[in-house]
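Chemist: Just so you know, the protein sequences line up as chains W and X, in that order.
The opening position of the first sequence corresponds to residue 1 in my numbering, with each subsequent residue numbered one higher.
The opening position of the second sequence corresponds to residue 163 in my numbering, with each subsequent residue numbered one higher.
Careful: at least some of the hints might be erroneous.
Stretch by stretch, here's where chain X covers chain W in the computed footprint (C-beta under 8 angstroms, at least three residues) [unchecked claim]:
1. 46–60
2. 91–102
If you want the ones that stay clear, here's a sample from chain X, every Cβ over 12 angstroms from chain W, calculated [unchecked claim]:
3. Cys332
4. Trp346
5. Gln538
A few chain W positions that, by computed beta-carbon distances, are all more than 12 angstroms from chain X [stated by the list, open to error]:
6. Thr2
7. Asp35
8. Arg69
9. Lys72
10. Ser142
11. Ile162
Treat the hints as calculated values from the structure; they're not laboratory data.
By construction, the Cβ of each residue, glycine as well, lies at the ideal position given by its N, Cα and C atoms.
Residues per chain, in single letters:
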Amino acid sequence: MTSLQLKAEVEDFLYREARLADEFQLDEWEALLTDDFHYWVPAGRLEGDPSEQLAYLNDNRARVATRIRQLKTGKRLSQLPFSPMRRMISNIEVVDQGDDTISVKANFVIYEIAAQSTGELRIWPGQAQYRLRRVDGSLRMSSKWVELVTAELGQRNLTFLI
Amino acid sequence: MGINYGQLVRGDRIHASLLHDPEAFADEMERIFVNGWVFVGHESEIKEHGDWVTRQLGTESVIMVRESDESVKVLANRCSHRGTALCWEQRGNNSFFQCTYHNWRFGLDGSVRAIPFPDGYDTPKEDLGLDAAKRLETHRGFVFVNLDGSAGPLADHLGAAGYELIDRLCDLSPTGEIDLSKGWIAHRVQSNWKLWPESDSDGYHVGFVHASMSETTDTYYDEVAVGGDAVRRSRAVDYGNGHIELDWRPSYQRQLAWLGITRDKVESYCEALTERDGTESAEQMLWDGPPHAFLFPNLFLGELVIAIVEPVGPGEMIHRHTSVQFEGVSEDFNRRLLRQTEAAVGPASFITSDDAITAERIQAGISGTQRSWADQDRGWIDLSRGLHREQIDETGARSSDASDETTNRGFWHRYLEIMTEQV
């Protein structure tokens with residue numbers, strides 16, 4: 001049984017993570033990550049060993065730092081300007097609690113404007129699976145795995161933080 | 163009245179209307195993708211009897227299937243009865259294909275196996291099979307087809323250079339075999355398909371479109387394509403028939419630069435090449451690496467990435483890629499190739515996502531141009547860079563500075579030949 005207090009803390013974390021990503025507050029978003037963070041968006045379901053698959057995105061901590069540095073150059077054409085975007089998060093479930101790790105699943109829908117080229121509205125539905133860990137008293141994210149509903153269909157540019 | 167391609171494709175420029183005109187698109191799907199040779203896939207994707215994958219060749223959906231241990235077939239994904247698609251997933255394994263409309267059943271070779279209530283038909287069964295590619299040839303596992311059988315042999319299309327480019331990649335595998343079965347990732351781009359053969363082989367844009375990448379991380383593209391004296395040694399090459407290469411080989415500053423790794427990390431790999439081909443050849447291969455080349459009209463040999471250009475409509479395409487995996491190397495080695503592919507290519511990558519935006523911006527820029535403007539000096543795209551300094555070697559290949567538009571011109575030269583061929 002998840003305590004209401006824990007649930008509220010998890011929700012606060014996810015909403016904050018979502019808002020920082022939507023607003024391209026890149027340093028603040030990066031500060032939410034643990035040193036062993038793993039970021040994964042497969043071209044199918046969240047199944048199997050990520051290291052054996054070809055994914056849309058499979059970042060260890062060093063590569064996600066590179067991703068953020070690239071966004072901050074001001075020369076990243078596919079995010080010049082940053083996409084205006086907002087995401088809704090719902091169906092939040094704490095699915096597992098270990099001594100120091102909390103596993104959470106949540107559904108999301110992102111509404112993004114492709115402001116860099118066509119200006120069309122792009123909609124990104126999916127589920128995110130997070131592993132959260134308490135570091136120095138506050139929650140950090142040690143993994144974010146994202147399963148897109150459209151995973152097998154291919155994607156348009158996905159250069160924001162999903 | 164058809165399109166006058168000779169008026170729209172010149173030696174030093176092309177008319178932008180060709181990048182969005184629906185009539186040109188329809189002509190291309192027929193003349194390039196049905197009447198000519200196109201790349202379909204790789205035999206390693208269908209290892210077992212009955213393995214199949216679906217693929218899009220222009221506007222035609224096909225099934226590539228392992229019919230028997232030796233034989234690969236490419237069939238139209240379309241029931242010969244009423245046209246229903248037979249496969250709607252990307253891959254599978256079956257001992258036959260069955261249509262869900264009237265349960266017609268076809269063998270893996272496309273022949274009719276069973277028709278419910280067959281007494282309703284006078285037509286001989288052998289006339290009711292699936293449409294199949296009339297010509298199919300493979301090289302090092304790369305499967306090419308000519309759907310209507312009207313093209314000459316594959317060798318006439320690929321030429322010596324096409325074979326050499328594929329060999330140069332495959333020879334880097336210790337067994338000589340590569341595997342392309344890690345699955346394909348589709349990058350959907352709102353641009354004309356012809357912008358990608360050009361982008362994939364354009365050496366001029368790298369330092370600009372990809373500046374954010376080279377500022378962020380150390381990459382071998384800095385030494386072969388972005389700046390400095392070394393870049394001046396890379397070459398843009400047009401081998402003829404639309405096959406083109408950005409030849410980085412003269413610019414690499416060390417062995418295995420193309421793998422982003424030093425030799426001590428992959429000593430057993432280097433030894434395997436030496437054992438197979440001798441020290442001299444192996445040492446040279448470790449310098450040279452895989453080609454960065456485009457084989458007309460739809461196959462990108464992107465070093466350790468293979469991509470297919472799939473036209474969808476005049477302003478819509480898919481760039482579909484997979485990672486090359488070598489046989490006879492460690493798991494770590496192949497995992498490295500997967501991670502390298504994810505960094506370089508695809509919707510979330512550090513490199514080709516910026517090419518996709520560039521292609522979409524070109525599409526936005528040219529979408530209003532009209533064919534009739536050609537003789538009013540309006541709506542042209544300039545491709546003249548480096549025309550005055552091209553060199554032609556004894557094989558007829560043209561080459562120039564890597565930043566020159568020799569590759570782009572090579573693509574369009576072949577395009578013009580095909581679009582104006584007398585059928």
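Chemist: Give a verdict on every hint.
Modeler: Structure-based check of each hint:
no.	hint	result
1	46–60	holds (count 8)
2	91–102	violated (count 0)
3	Cys332	19 angstroms, holds
4	Trp346	8 angstroms, violated
5	Gln538	28 angstroms, holds
6	Thr2	32 angstroms, holds
7	Asp35	19 angstroms, holds
8	Arg69	5 angstroms, violated
9	Lys72	9 angstroms, violated
10	Ser142	19 angstroms, holds
11	Ile162	8 angstroms, violated
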